[in-house]
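A.B. asks: These are the residues of each chain, in order.
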Amino acid sequence: MSETQPEVITAMKIRTFGRHIKESLKSLGRNGWMTFASVSAVTVTLLLVGVFVMIMMNLNKVADDLENDVEIKVFVSLDAEEEEIAELEEEISGLDGVESADFSTKEEELTDLVLDFGEELSLFEQSNPLFDVFYVKATEPQQTETVATEIAALEYIEDVEYGEGKIEKLFNFLNAGRNVGLILILALLFTAMFLISNTIRITIVARRTEIEIMKLVGATNWFVRVPFILEGMWLGILGSIIPIGLVVLLYQKITEFAQPRLSGELFQLLEFSPFIYQVSALILAMGVFIGIWGSFMSIRKFLRV
Amino acid sequence: MIQMKNVYKKYPNGIVALNGLNVEIAQGEFVYIVGPSGAGKSTFIKMMYREERPSSGQMLVDGKDIAKLKNRKVPFLRRDIGVVFQDFKLLPRLNVYENVAFALEVIEEKPQIIKERVMEVLDMVGLKHKAKMFPRELSGGEQQRVSIARSIVNTPKIMIADEPTGNLDPDTSWDIMNLFEQINSTGTTIIMATHNREIVNKLRHRVIAIEGGLIVRDAAGGDYGYED
Ligand SMILES: Nc1ncnc2c1ncn2[C@@H]1O[C@H](COP(=O)(O)OP(=O)(O)OP(=O)(O)O)[C@@H](O)[C@H]1O
Ligand SMILES: [Mg+2]
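Chains as they are written, first to last, in our numbering: chain A, 13 to 317; chain B, 789 to 1016.
Calculated directly from the structure, the hints in this document are not laboratory data. Do not take every clue at face value.
Said to hold, decoys possible - Cut-off 20 Å, straight-line C-alpha distance, at most; resulting in silico cross-link-like pairs (DMTMM-like, lysine to aspartate or glutamate):
#	chain 1	residue 1	chain 2	residue 2
1	B	K877	B	E840
2	A	K149	A	E224
3	A	K38	B	E893
4	B	K918	B	E897
5	A	K34	B	E886
6	B	K834	A	E103
7	A	K34	B	E840
8	A	K118	A	D128
9	A	K149	A	E93
10	A	K34	B	E904
To be verified - Examples of chain B residues lying across from chain A (beta carbon under 10 Å, computed):
#	residue
11	P863
12	L865
13	R867
14	I895
15	K945
16	L956
17	P958
Here the structure is a predicted model, which means the values were calculated and not measured. Virtual Cβ for every residue (Gly too), placed ideally from N, Cα, C.
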């Protein structure tokens, strides 16, 4: 090739790129139904991805919030006198992984209960059925179970409670949900890519002679490839419009509904911004990715030189 | 400028199309490739623009072994070679002008140069006045002239034609041959596979006869030498 000035090359590249864009758009229209089918598949896939990501990220947030609030409730047996309670407090605070241990007498416990559940309970003030309690916090939420077991082994302990496996259940649920969701999404991604690559294949077959001539007169492989890659990309972008719109709208409604009701609670949902913009960017990126990947899958087979 | 050394070609299905072929073709030559059907003529021709690669042996163009050329360099090899086919291979959606311009557009030539060159070659093949017509509106000979115009529009050094007159009646075939002569007279090498006995015998040039993947005859100004 003869040498050309840089600015000339740039001008040529821009013109070429315009041509590629025109070609790819034309072929979207020409493949009408296949375009519609693949865009629909991408739409369904990305919508599910979006909703799934939205749910999983929020469950993670909730789990995080709750984790930070996990306390061990230690019931002190009734025959413990004041000195034994004081000793117990030292022992508990001295354990590995204990961050804090707050003592609360059974009278204080009853007052709390009355505050929470109403005056009817105040008749228990005559003969308080509750225990003195230590509220223990582990340094790391994950250590909660170990710490609880160690405390249970101490003297003058009636019982130990720590959310009774709620945390474990939440984690199990999160993991199961994540796995099921991932499998579902992988299957959908595969379907969408398959449909896209089929659409591109139809384009390629329809333009076989054209490609053959291009290659005979010395078009580079990229020149031949780019319109198909662009077409795949358009399919992906078109397929991400509706999911992004719906996800944004949905999350707006959810946060509008939940935010006031959750204020002051132990856990919060993720803030609308920037979370929903991140999810939207993810959806768009995935759309572009499956579009391009789908077209690559069919181009590879057809354009061997 | 074209040199084959022990070129052997075995297709993936096991058929040996070229069986250790040696030949040399100089710049500016006009060469007919003749031989019975299935002899390996098309395979021979496809070696020159790397449509097919030799299974072994060397395929030299300008001293470079194009069998070893990297895939991404192949397009640049092909810009120096024009190819014409029996079935024309025109794009039905494009008119005559656009079909010829296509060859320059895909190698990203500048618009003014495209315009100039396309009108120039259309004039040469005598189709300037039909530039706006579509392939389906043209006769076979006219379509072949468009495809010849496209193959020479980027001034290749070599022109390769696989049975370019195979689908044309005798008169039209002579028109095409006149064009080839004209192109050859400007210094372009022409390599043409053909079954047309009349043309080979009347318009004398070097004749290479291939049978069973081997050159069985190579004569300057030779005759067709087969009965069909
Ligand atoms: N792509 C291919 N794959 C497998 N075998 C092939 C291929 N192309 C050609 N052949 C075989 O190689 C041999 C030579 O074929 P080729 O096309 O070169 O013959 P030809 O001389 O051009 O014949 P014709 O005069 O009929 O055009 C034939 O036996 C053919 O079947
Ligand atoms: Mg042949």
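A.B. asks: Work down the list of hints and note, for each, if the structure agrees.
C.D. replies: Against the structure, the hints:
1. Under the criterion of a C-alpha separation no larger than 20 Å, the hint pairing B:K877 with B:E840 is consistent with the structure, at around 19 Å.
2. Between the alpha carbons of A:K149 and A:E224 the distance comes to roughly 72 Å, so the proposed pair goes past 20 Å and is violated.
3. The straight-line distance between the Cα atoms of A:K38 and B:E893 is roughly 18 Å, inside the 20 Å bound, and the hint therefore holds.
4. A hinted pair counts as satisfied when its Cα atoms are at most 20 Å apart, and B:K918 with B:E897 does not qualify at roughly 23 Å.
5. At roughly 16 Å between alpha-carbon atoms, A:K34 and B:E886 fall within 20 Å of each other, so this suggested pair holds.
6. At most 20 Å may separate the alpha-carbon atoms for a hinted pair to count; B:K834 and A:E103 exceed this at roughly 90 Å.
7. Pair hint A:K34 plus B:E840 does not hold up; C-alpha atoms about 32 Å apart against a cutoff of 20 Å.
8. Distance check on the hinted pair: A:K118 and A:D128 sit about 15 Å apart at the alpha-carbon level, within 20 Å; holds.
9. Proximity of A:K149 to A:E93 is assessed by CA-CA distance (about 23 Å); at most 20 Å being required, the pair is judged violated.
10. A distance of roughly 24 Å separates the Cα atoms of A:K34 and B:E904; the hinted pair therefore is violated under the 20 Å criterion.
11. Interface restraint check for B:P863: the shortest CB-CB distance to chain A comes to about 4 Å, inside 10 Å, so the restraint holds.
12. The criterion of a C-beta within 10 Å of any C-beta in chain A is met by B:L865, whose closest approach is roughly 8 Å, and the hint holds.
13. A cut of 10 Å between beta carbons decides the hint on B:R867: the least distance to chain A is about 4 Å, and the hint holds.
14. The interface hint given for B:I895 is met, as the beta carbon of that residue sits about 5 Å from the closest beta carbon of chain A, less than 10 Å.
15. Nearest Cβ of chain A to the Cβ of B:K945: about 13 Å, over the 10 Å cut. The hint is violated.
16. Contact between B:L956 and chain A, as hinted, is not supported at the beta carbon level, the nearest pair being about 20 Å apart and thus beyond 10 Å.
17. The interface hint given for B:P958 is broken, as the beta carbon of that residue sits about 28 Å from the closest beta carbon of chain A, more than 10 Å.
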